[in-house]
Amino acid sequence: MGRTLAEKVWDDHVVRRAEGEPDLLYIDLHLLHEVTSPQAFDGLRLAGRTVRRTDLTIATEDHNTPTLDIDKPIADPVSRVQLETLRRNAEEFGVRIHSLGDIEQGVVHVVGPQLGLTQPGTTVVCGDSHTSTHGAFGALAFGIGTSQVEHVLATQTLPLAPFRTMAITVEGELPEGVTAKDLILAIITKIGTGGGQGYVLEYRGSAIRSLSMEARMTVCNMSIEAGARAGMIAPDRTTFDYLQGRPHAPQGEDWDAAVAYWETLATDEDAVFDHEIFIDAAELTPFVTWGTNPGQGAPLGADVPDPASFEDPQERIAAENALKYMGLTAGTPLREVKVDAVFVGSCTNGRIEDLRAAAAIVEGRTIAEGVRMLVVPGSVRVALQAVEEGLDKVFTAAGAEWRHAGCSMCLGMNPDQLAPGERCASTSNRNFEGRQGKGGRTHLVSPQVAAATALLGRLAAPADLSSNVAVEA
Amino acid sequence: MEKFTTHTGRAVPLRRSNVDTDQIIPAHWLKKVTRTGFEDGLFEAWRKDEDFVLNRPERAGATVLVAGPEFGTGSSREHAVWALQNYGFQTVLSSRFADIFRGNSLKNGLLTVVLPQETVERLWALTEADPTAEITVDLEAREVRAEGVRAPFELDDNVRWRLLNGLDDISITLQNEDAISAFEATRPAFKPRTLPAA
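One line per chain: the protein sequences are V and P, in this order. Start counting the first sequence at 1; every next residue gets the next number (the working numbering). Start counting the second sequence at 1; every next residue gets the next number (the working numbering).
Read the hints as simulated data drawn from the structure, not as lab findings. One thing to keep in mind: the hints can contain errors.
In silico BS3-like cross-links for lysine-lysine, where the CA-CA straight-line distance does not exceed 27 Å [to be verified]:
no., chain 1, residue 1, chain 2, residue 2
1, V, K324, V, K190
2, V, K324, V, K438
3, V, K324, P, K48
4, P, K48, V, K72
5, V, K438, P, K32
6, V, K438, P, K3
Remember, predicted model here, so these are calculated numbers, not experimental data.
From just these sequences and the hints, can you work out the full model?
Here it is as structure tokens:
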């Protein structure tokens, strides 16, 4: 019987297989950041162990890093200690690190792909749930806890429980103004925050194949929000073209050998998935969340749902709690929900295409009075590219704040946070209570919806702009 | 890792689904570089409400958390497990756990038990009516017991064996050093490296 993409990558990394035991899998690439690694390095020290493969390991600073005044000492002493701890650990154990101020610094899931380290058919792990991002390249990539970080540092392997496979087939063309973000938000609402549990998702179909690498990363990034172990897309010409020439992509004969291997990875025609769902791309519209988990979403054109409309009692209670926390009333059109802040950035939507898309909408316009818009590039490289294209000027001219690279307001570990009760349209990945700051209210949106929302001061799509906003001459 | 064989304790019934890792331990607590001292961060936002179940005096000293479905969704932060353990929880019962949280819990000796939602409902009803009611989680027998409840649960044999013996995963893996080295010798040259070849 044929095998799926995920099964092929898994099989090619089995170091040891024994009856009654989890497979021991080899890890090709281990990404580290400051938040989930200090206790792992402590564990190594306590046991007198070393990092087995420093040449398969790389660290970057992202979660705690400020996005203003990065040349000054970090104001928060606890954040400073955590960053200094990573720097010390990297030095002691010989791990490559890209610290604040370094040209390769940025959000770990933006940095890996842009360096060409994320490659098809590899296993990629990081102490961060959004490691699923790297699945866009046909890598088997997943988030791990700190105990597993220590395990990979010490052994370059992980014992892993078997997974099931789910195909999410999206056929057709995404309508104008509908993005990868709208697609993944719609998928999560369809299957729920636990719908992917135990599964590696494979996104397939013509709509997926026509996505750029950056859009594919947006889709795979949020696989974890559906509870999935990982999300993957078969590598193709788009993948190879993105990779070729990047600093860590194979070269010469190695490139040819690599491509020959990568071309064998796609799911076989006679492979069978444990579960399949189908989505018609043409039916999708801009999508936003109204609640406090990423499965609580709806088309922008819909109303805030009535909790009584949910049959499942747990979902009903969750919706009641969510509306209370979000300060929303059932029946209110989502387009009438006013926001205080807009955040463009994160490992979900902080890449150059995302910034271009948002900039194209705000260009020559001014964001609504009373709305604060933060634009945070996913990496220093993304920031430099944006500056070269003049996007920073477009944003600042519109009244937005242009910041330095990092995770920023996606989770507010640095000073970029919402105030209690503030409402934000955010291109990030989680709308959990307090995620962007204590008492903050988050609506997950695409970069395009974020930009249109900033201009109108209420949840909006670019299509809503023409009749409402005067374009400055 | 701490061994887990059997545990009996009073419960906290948490009638909420999708209890995400940001609720279990908010991000600002993640700046700590230790595995201890997270107890005050556990459910920090909800604990500001004096009626929140964890704040009720009759729940003091409870060690069994009975939660709604999709417990632990979200981030990979192992701090969520440490926070529950630092606070005093030994075991969490729910009808569904997020995968990464579950994996983290079992690597730290916090036993996460999957039960049918109807059993969770019965345990909620029992422990809400009688806060002194005790729940026993018996890993050897793979069974949860409480007044009027006797519920078997499943757990992978290998995971159970590691928990019962408090075994360290890394030591077990390092016994396979030869297999790891042999695998490394077969890795293709085109695989990515973060450092220049030595």
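Practice task
Assess, step by step, whether the Cα of K324(V) is no farther than 27 Å from the Cα of K48(P), and give holds or violated.
Solution key: This hinted pair holds, its Cα atoms lying about 16 Å apart.
Handout entry: Pairwise hint evaluation, K32(P) against K438(V), where the allowed Cα distance is 27 Å at most
Key = OK: K438(V) and K32(P) at ~18 Å, within 27 Å.
Exercise for the section: With a cut-off of 27 Å on the C-alpha distance, tell me whether K324(V) and K438(V) pass. Expected result: Measuring from Cα to Cα gives roughly 15 Å; hence the hint holds.
Exercise for the section: Mind checking the alpha carbons of K48(P) and K72(V) for me, to see if they're no more than 27 Å apart? Expected result: Given that 27 Å is the threshold and the Cα spacing comes to 35 Å, the pair is violated.
Problem - 27 Å limit on alpha-carbon distance, applied to hinted pair K324(V) and K190(V) - result: holds (23 Å)
Problem - Restraint check for K438(V) with K3(P), where alpha carbons must lie at most 27 Å apart - result: violated (36 Å)
In terms of the numbered hints stated before, the structure departs from hints 4 and 6, listed from lowest to highest.
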